[in-house]
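> The lines below spell out each chain.
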Amino acid sequence: MSAGFTYVDNVNTNLICCICRAPFLNPVTTRSCAHTFCLECIQTAISITPQCPVDRSTLTTLDLRPANPLLRNLVDELTVECPNASLGCTQTMQRQLVDIHLRDDCAHASVPCTHPGCERQVQRKELGKHDETCRRQDVAMCPYCATERAVEGFETHKRICGREEVVCPSCDAVTIRAEVDTHTAACPLTVVACAHSGNGCAWEGARHAFAHHIAACPYEAIKGFLSIHAGKVAALESENASLRRKVDELEGGLRAAAEEAQAARRSLGPWFRADASTSTSASAVASPAVQPQRPAPEERVLRDRRMSPLNAAMLGVASDAPFVPRTDPSLDASSFFPPFSPPSEDASSDAFPYGRALPAAPSVNINTTLEGSLTSLRNSIMTVSTSLDTMSRRHDVALMTETLRMHEEVQSLRAIVHGLRMQVHQIMMERSQMSLSNLYSSGQTRTSEDGGWSTRAEYFNDRPSTGPSMSVPLMTTVRRTTENKL
Amino acid sequence: MDLASAHARPRVASSKAAVSSQSAEASGSVTKRLGSELMQLMMSSSQGISAFPKTDANLFDWIGTIEGPAATVYAGMTFKISISFPSNYPYAAPTIKFDSPCYHPNVDLAGNICLDILQDKWSAVYSVHTILLSLQSLLGEPNNASPLNNEAANLWDTPEFKTQLMKHYRSPDSA
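Chains A and B supply the protein sequences, listed in that same order. Position one of the first sequence corresponds to residue 1 (the UniProt record's numbering), numbered consecutively onward. Position one of the second sequence corresponds to residue 1 (the UniProt record's numbering), numbered consecutively onward.
These are computed hints drawn from the structure, not numbers from a lab. All figures in this text were calculated on a predicted structure; none of them were measured in a lab. Mixed in with the good hints, there may be bad ones.
Pairwise CB distance ranges, derived in the manner of DEER restraints [unchecked claim]:
no., chain 1, residue 1, chain 2, residue 2, range
1, A, L62, B, T95, 29 to 37 Å
2, A, L62, B, S134, 30 to 38 Å
3, B, N58, A, T90, 28 to 36 Å
Every residue, glycine too, gets a C-beta built ideally from N, C-alpha and C.
Build out the structure end to end from the sequences listed, making use of the hints.
Here you go:
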């Protein structure tokens, strides 16, 4: 192996092995003839010819002993170049330090890739570059199961690896993790509870003592009874569970039904009437529209009859109400004002039926559907509106005839008034002529009388509030009103 | 693509280098020793002997020259020899032949040499230098007890030997 070193300085020829012609490497000296060689060189030479290569004396490997330490130090301290000088390492060092240099320092030394499974040898200075491209960098070797695992999740795998050896806490036996359960199930030292622990036996102990205990266990004696008992309890429990399930279902159904009823009641609003015959419990949740004191069915019928006849007629609930149906052709205007106190068995209860009927829920025949009631209501409204129309038309006709009659009357009155006025005027004219003739025919005495007359005349002319002057504006007013009516 | 090929190429090259270096490892110590012997020969001031590898590429085949020692019948003559080293040199002796004809009791007409240190007396401490010196001395002091050339052995110490020698001798320069 002397070929491995390049010596920097010239080496003293006394330190040269005569076989390899290089400084001694691991020098040995022959016991018999005191010649010194490299160990490897002389071993090879002896294996071919068992003689000293120098003096041909007989020689075996047993005759070799390490050379003088002085000599060993001399050759070990020779300065050599790094063996990787051809790769670029420029360092020189003592020969004995070469191994350390190669192992720890030399940037050009070949080192194996650190990733398991990667066979590459790379120079130390290029290890980082290789790491980046190494195909195996994401792989690590599990020390337990000897399989390759991705680095990601490797720690997790190591914790749960089935091949890792673990120690049984009870018996100190070593098993692999995958067989821990099997071992625990059979380990004689594992603490187990009595088979009757469910029935109350408090015994616990190592598995090997279990057989001894079971022989004396008081629960073992009544094992048969306990098993029968357990079977019964289980049957009861399952039955109980099924019953509970059924109760839950029923409760759910009931709740749904109640909600449905509530919704129906809400949509019905004041139309809702709890039927006494359907349920008694429903009264508890009945709508506020229902009278708190539930009357007997017969009484309720009476109450229905007591409702406003007008309402009843409008709703088409004629039945036995004392009201004429609207469709009667002999309908008169007066028939729209029926007696407000219909004949009733309980007249004292209500003087004015509207007072009670209006705020309360409109009462209809509960035997008809809401739809029917609405239809009949609609019909009633139609008939009411038509009759209202007819009535107004009738009213107009009646008013017109009345107005005409009144007009004629006013006309005749006006003619009469006119006649009276003419007569009064004539009388006045006669009176003035008479007074004038008296004035001219008589003397002084007539003068005072004349003054008296003049004042009266002024009275008549200047104040026409009485007599004909008054009647004229009155008549025009009347005429205007009658014309407006026509 | 360029990246991949760039990665692949150095790998191939390095593996080739590894193979060649592995085979060189075995012969490394031999070439190292032969190199040191060559250096020793060139540095030494020995008279009348020299040796060089035939080609620079192959250190295992050398050509050497030996001048006849003064005060012998071989004085003034020059002989060419070929040296071929085995792969386990120096533990085995090299094969040595005279290339030029040499009329000598221990050398046959084909150039084979009968010398104990080249046969059973070989030692790992011998070198090209020592062999050439031995051959040089052998010229003047033949071992007539074990001749390869009986005629030459018989004629040794007679004037006829010189005549026969000159008849056989051809200078390597003239050739």
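> It remains to establish, for every hint, whether it holds in the given structure.
Hints versus structure:
1. A:L62 / B:T95: 29 to 37 Å: Since A:L62 and B:T95 have Cβ atoms about 33 Å apart, the given range 29 to 37 Å holds.
2. A:L62 / B:S134: 30 to 38 Å: With Cβ atoms ~32 Å apart, the hint holds.
3. B:N58 / A:T90: 28 to 36 Å: 31 Å, holds
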